[in-house]
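Given these sequences and hints, build the entire structure.
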Amino acid sequence: MSTRSAFSAAAVDKLLRLSALELPDAERPGVEADLRKIIDLIDALQAVDTSGVAPLAHPLAASQPLRADEATERVERDRYQSGAPAVRDGLYLVPRVLE
Amino acid sequence: MVVEGIATLTAARDALAAKAVSAAELARHHLRRIAADRTGSFITVCEERALAEAKAADAAIAEDGQRGLLGVPIAHKDVFCTEGVRTTCASKMLEDFVAPYDATVVAKLKAAGAVLLGKTNMDEFAMGSSTETSHFGATRNPWDLGRVPGGSSGGSAAAVAAGLTPGATGTDTGGSVRHPAAFCGISGLKPTYGRVSRFGLVAFASSLDQGGPMARSVADLRILLRHMEGHDSRDSTSAPMRPTGSSGADKPLTIGVPSEYFEDLDSGIAAPLEEAARTFARLGHRLRAIALPHTAFAVPAYYVVASAEASTNLARFDGVRYGHRAQGVDSMEALYRQSRGEGFGVEVKRRILTGTYALSVGYYDAYYRQAQRVRRLIRQDFLDAFAEVDAILTPVTPCVAFPLGSSEVEGDPTTLYKQDAFTVPASLSGLPALSIPCGATRHPLPVGLQLIGPHFGEDRLLALGEAFQRETDWHLRTPPAVAT
Numbered sequence: 004m005s006t007r008s009a010f011s012a013a014a015v016d017k018l019l020r021l022s023a024l025e026l027p028d029a030e031r032p033g034v035e036a037d038l039r040k041i042i043d044l045i046d047a048l049q050a051v052d053t054s055g056v057a058p059l060a061h062p063l064a065a066s067q068p069l070r071a072d073e074a075t076e077r078v079e080r081d082r083y084q085s086g087a088p089a090v091r092d093g094l095y096l097v098p099r100v101l102e
Numbered sequence: 024m025v026v027e028g029i030a031t032l033t034a035a036r037d038a039l040a041a042k043a044v045s046a047a048e049l050a051r052h053h054l055r056r057i058a059a060d061r062t063g064s065f066i067t068v069c070e071e072r073a074l075a076e077a078k079a080a081d082a083a084i085a086e087d088g089q090r091g092l093l094g095v096p097i098a099h100k101d102v103f104c105t106e107g108v109r110t111t112c113a114s115k116m117l118e119d120f121v122a123p124y125d126a127t128v129v130a131k132l133k134a135a136g137a138v139l140l141g142k143t144n145m146d147e148f149a150m151g152s153s154t155e156t157s158h159f160g161a162t163r164n165p166w167d168l169g170r171v172p173g174g175s176s177g178g179s180a181a182a183v184a185a186g187l188t189p190g191a192t193g194t195d196t197g198g199s200v201r202h203p204a205a206f207c208g209i210s211g212l213k214p215t216y217g218r219v220s221r222f223g224l225v226a227f228a229s230s231l232d233q234g235g236p237m238a239r240s241v242a243d244l245r246i247l248l249r250h251m252e253g254h255d256s257r258d259s260t261s262a263p264m265r266p267t268g269s270s271g272a273d274k275p276l277t278i279g280v281p282s283e284y285f286e287d288l289d290s291g292i293a294a295p296l297e298e299a300a301r302t303f304a305r306l307g308h309r310l311r312a313i314a315l316p317h318t319a320f321a322v323p324a325y326y327v328v329a330s331a332e333a334s335t336n337l338a339r340f341d342g343v344r345y346g347h348r349a350q351g352v353d354s355m356e357a358l359y360r361q362s363r364g365e366g367f368g369v370e371v372k373r374r375i376l377t378g379t380y381a382l383s384v385g386y387y388d389a390y391y392r393q394a395q396r397v398r399r400l401i402r403q404d405f406l407d408a409f410a411e412v413d414a415i416l417t418p419v420t421p422c423v424a425f426p427l428g429s430s431e432v433e434g435d436p437t438t439l440y441k442q443d444a445f446t447v448p449a450s451l452s453g454l455p456a457l458s459i460p461c462g463a464t465r466h467p468l469p470v471g472l473q474l475i476g477p478h479f480g481e482d483r484l485l486a487l488g489e490a491f492q493r494e495t496d497w498h499l500r501t502p503p504a505v506a507t
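Chains as they are written, first to last, in the working numbering: chain A, 4 to 102; chain B, 24 to 507.
Hint data in this document are derived by calculation from the structure and do not stem from the laboratory. Careful: at least some of the hints might be erroneous.
[Said to hold, decoys possible] Here are the simulated DSBU-like pairs of lysine-lysine, each with C-alpha atoms no more than 30 Å apart in a straight line:
no.	chain 1	residue 1	chain 2	residue 2
1	A	17	B	441
2	B	42	A	40
3	B	441	B	115
4	B	78	B	42
5	B	441	A	40
6	A	17	B	115
No experiment lies behind these values; they were computed from the predicted model shown.
Structure follows, in structure tokens:
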């Protein structure tokens, strides 16, 4: 199965929207060409017969140890917000969403 | 005072214990070397803090003697969060970011008494194999300042090779400890996934990321690993494990040699590898040809899985909670898009877009699910091999350190991706893998070998590496450009 033909400049617009990324016009042709080469590279996966093989999401077959259900962390809002670009009264400032 | 003669972390620790040198002298020596550095290994140097920590270490040594890493200088890859010292991930996105807490690895090494010299350069968000994508400029290879140190932990590798620090932390997602260790002629270990806590390590690909030690010798790696590892309830994928021993057993093992890693291998890499195989045979180990048939599909599977996880992990950089924020925008969507567009470099954008593509409707099964299935086949190859052999010997890199800028001239990002061909299979499988120097070209540029072990088989790998380094002196050679 080849998916390469589905990849176009219009597809890049969609990917940029899904990725919430702005790309300067000057960078666009380069990134489009690079993505085609990367997709050529990953298309090699289509040659592998994986029928009957279950996907592997995690390299260890271990179960997660669970901790006791007790509150162990303190809320330190001011400290954790100290790296935020814009904060007032403990709230993150963003452009107006509702008129 | 004999600071100049102290080449390894073990020697530094022993000299401190024997009171032949003070922690303050060691710290000042390395800070002087960093000040004169021409490799660009560091993003941030913590001079005052290092001197204060060294002074405190000297007081503690005078009181109770040396223990752990008390007074030993180290550096952290700038992907580990350090409270009070900025953590940039070599990105404009985090140029001024100061984490409000320490990564578990940082806290553990601090508790062991190590003195933090600074934070080392890397490929932006650990994405790369050359340490050229850093927002702060490329790091240079101390063996030839016109060449790359490998990546993504290139700053840590170059710093150790150049004698700027006796040890450093790195992280390895697809080879980022092992690859630069090979290019710079030092030793590096990617532990088993789950051995070293990922808490406070800025995430790239969560099912692959693993912190590891980098130093001159394997004995040094063992010391660092023992202070880095351990189950951490703050990392949900941290594994319960038996701790690494203080010394390894020296017994005859069977070492597998997979033909797939040696096909069309550059003769400059193949010859030292063959010599290394003879050294292991001389040490009493048996070598056996094995097959790892899905090796060729590891690079495409890795670039799907790692990019998919990166596109998800890097969604947190939104210009709101931390990191770079675009100015003068009037909508939320514009704030996200412009903050990310301005904050991320081009390789990071390529990976986010690739991952988003592989996860998008219509492509998810063809790419992401298929890559996860291939991942299982690759891991099964190793599990089958480890039924017959105790460890696997391979090259680390397909070539020696290449000139700065050459990948850009090439104009094809996948050329650089293929640098990872020998390191990504162990990453996808969660296996521990050691990278140690085993030779040099005529230039001279270092050549590395890789030993891959079964899950939690670090003791065995370290013992093999220590035995190899008792027979050879490649790990003790110093780059000519930076000789003291």
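Now the hints, each set against the structure:
1. A:17 with B:441: holds (28 Å)
2. B:42 with A:40: violated (58 Å)
3. B:441 with B:115: holds (27 Å)
4. B:78 with B:42: holds (14 Å)
5. B:441 with A:40: The hint holds at about 12 Å.
6. A:17 with B:115: holds (25 Å)
Hint 2 alone, counting from the list given before, is not met by this structure.
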